[in-house]
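Chains A and B are the protein sequences, given in the same order.
Be aware that the first sequence starts at 1, since it is given in the working numbering, and climbs by one per residue.
Be aware that the second sequence starts at 1, since it is given in the working numbering, and climbs by one per residue.
Hint data in this document are derived by calculation from the structure and do not stem from the laboratory.
Please note that a few of the clues may not be correct.
Quick list of the computed label-pair ranges, beta carbon to beta carbon [as the list claims (entries may be wrong)]:
{"hint": "1", "chain 1": "A", "residue 1": "V104", "chain 2": "B", "residue 2": "L87", "range": "36 to 46 Å"}
{"hint": "2", "chain 1": "B", "residue 1": "L192", "chain 2": "A", "residue 2": "A233", "range": "35 to 45 Å"}
{"hint": "3", "chain 1": "B", "residue 1": "S125", "chain 2": "A", "residue 2": "R307", "range": "19 to 29 Å"}
{"hint": "4", "chain 1": "B", "residue 1": "S176", "chain 2": "A", "residue 2": "R122", "range": "15 to 25 Å"}
{"hint": "5", "chain 1": "A", "residue 1": "L228", "chain 2": "B", "residue 2": "E72", "range": "49 to 59 Å"}
{"hint": "6", "chain 1": "A", "residue 1": "F119", "chain 2": "B", "residue 2": "F205", "range": "32 to 42 Å"}
Partial chain B-side listing against chain A, Cβ under 8 Å, derived [stated by the list, open to error]:
{"hint": "7", "residue": "F43"}
{"hint": "8", "residue": "I91"}
{"hint": "9", "residue": "V99"}
{"hint": "10", "residue": "F126"}
If you're wondering where the values come from, they're calculated on a predicted model, not measured in any experiment.
A virtual CB, placed ideally from N, CA and C, is assigned to each residue, including glycine.
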Amino acid sequence: MSEPTAVSTGSGVAPMGTPLRWWRRLILRNEAVRGYTLLSPTLFLMTLALGAPVFFLFLVSFFTQDLLEISTDFSLENYMSFLGKENYQKLLWRSLKVSGFVTVLSVVLAYPMAYFIAFRVRKNKFAWLILITVPFWTSYLLRVFAWKIVLGHNGVINSGLTELGFIEEPLTFLLYNPFAVVLTLAHAWAAFAIMPIYVSLEKIDRSLLEAARDLGDGPAMRFWRVTLPLSMAGVVAASLLVFIPTVGDFVTPTMVGGPKGTLIGNLIQIQFGKANNWPLGAALSVISLIAITAVVCAFLWFTKRVRTQEL
Amino acid sequence: MTIRDTAPVASGEARTKTRARRAPDAAPRIGALGVFAVLYLAFIYAPVLFIPLFSFNDSTYIAFPLSGFTTEWYVTMSRSDGLVGALTNSIKVATPAAVVSTLLGTLAAKAVTRYRMPGMEAVVSFIMSPLVVPAIIVGVALLIIVNAIGIELSLFTVFLAHLPPCTAFAMWIMISRLEGFDAAIEEASRDLGEGPWMTFWRVTFPLIVPGVVASLLLTFTISFDEYVLASFLGGSEPTLPIYIYSQLRFPWQLPNVLALATILLFASFALVYIAMRFRNRGVQFKTTTGV
Chain A
1 MSEPTAVSTG SGVAPMGTPL RWWRRLILRN EAVRGYTLLS PTLFLMTLAL GAPVFFLFLV
61 SFFTQDLLEI STDFSLENYM SFLGKENYQK LLWRSLKVSG FVTVLSVVLA YPMAYFIAFR
121 VRKNKFAWLI LITVPFWTSY LLRVFAWKIV LGHNGVINSG LTELGFIEEP LTFLLYNPFA
181 VVLTLAHAWA AFAIMPIYVS LEKIDRSLLE AARDLGDGPA MRFWRVTLPL SMAGVVAASL
241 LVFIPTVGDF VTPTMVGGPK GTLIGNLIQI QFGKANNWPL GAALSVISLI AITAVVCAFL
301 WFTKRVRTQE L
Chain B
1 MTIRDTAPVA SGEARTKTRA RRAPDAAPRI GALGVFAVLY LAFIYAPVLF IPLFSFNDST
61 YIAFPLSGFT TEWYVTMSRS DGLVGALTNS IKVATPAAVV STLLGTLAAK AVTRYRMPGM
121 EAVVSFIMSP LVVPAIIVGV ALLIIVNAIG IELSLFTVFL AHLPPCTAFA MWIMISRLEG
181 FDAAIEEASR DLGEGPWMTF WRVTFPLIVP GVVASLLLTF TISFDEYVLA SFLGGSEPTL
241 PIYIYSQLRF PWQLPNVLAL ATILLFASFA LVYIAMRFRN RGVQFKTTTG V
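Okay, chain A solo, but in the shape it has when bound (with noise of 0.2 Å):
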């Protein structure tokens, strides 16, 4: 991309006989091209399968479906249809609406666990990490499977307390539900939300902590006027690691989530699979990121206003 400007900078005298020795010489004079020299078969890849085929999504999204043809003429149909549609706006919703309580969840309960490996943990902190990592490594499919064991009909919460005695009827709210996808999602991300967490309150000068205890800041004003503030970055970062990719999931509400748990992911997954339409499907997905980058931006220039405020 930016090669062409670097190349027009490297050097005027090229000798255009030899371009073997030109190139050499370009090279080793100029960084930039170095750069983009070992950058390009990663740039080539990310380009061929990510790049190209986003824009092909955003391209199909507004082609239609003629029974088994795809006509290619140009087609706001997809999306009218979409405005057109009450239910699958509401999917839409519902999916932002579970992803900001996913978000919210490991957030809140990561944080913690976060503070206490920076500021708690003396010896051992790498063996905490990995404690907190490992299982994110495992199959995710495996973890959401797991909470079906959990929470289902017959699963461990219900047989145990039968078991226990402490309830007759097995708890039918547990499983198939809004509730259950969002708890499902909070674990599988957990690792998402308290890695980047971790990282600021890890970088954090404690000499600044030991600065406001010396001005009397209690502990309380203490976390609230310096830690936090100071995480903010992370707590964001982490919160983004959440939020984007869980909007788009379709196996957990498959899995946990029941009709009523039923998300935007599940209607673009049978576009693709059951009901054939790919156009349809493509255009779905193209207003899944939209509103994904109007929900982040939102998020962005607000927690940005918070914090110059807070500051």
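Chain B: place on chain A using the hints.
Leaving out everything else, chain B in the frame of chain A:
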């Protein structure tokens, strides 16, 4: 920002005092936070650990009370149709995915950490984006383009789909590794007359080997466990997660799935543990290896 400005002024004079007052605080306070930490660990681990627990339970129902110990499910699981095929498919995808993504990630990390380039931040966020963009969107987008070009869905397309997230991850690991030692060692090698390739081979590479091993293991794990992308881009040959998902539809297969899941869980645990150990090995190198 104001805090940062005032801090040096305040702490300079006050430091002696804090030391005296520090005593009660220095004792490791377990307290409420410690209790929370333990509960949190339970929240993270408990659901996952029910899988191995019930995989040894002598009943087709996943419910308390446990009715007895058995290894029967492991035997029936190992005999089930398609398992070996799915396992082979997963290895066929995950091995090249790990190698290629680690190679690309290392090159990219080297570029990012050693050279100043215009537009670098944008490039890094672009390469990292597969870690954040919802997998379903990447999956359907790839499906569309693969279909438009006319490539048939196969293990190769799954491999292709796994490359972006694996590469992003590999780069992330390698950046932290390359930042972990002093670039002056490399400069010293150059000053002593080694070319760029020999410098990389004799100086940089030995220092980043632990990172490379960690990256290979972790990207292998990512690809091996990945479900969403494989579900869109897999052809007629299922990978292991696809196979497991298809088995979940049959209630009578559940105990076998539990047994298989248990093996996978512990294999992942082991791989990741080794990777983490490797990743932090030799951090003490810092600046004192040369000459």
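Identify every previously stated hint that the structure contradicts and give their numbers, smallest first.
8 and 9
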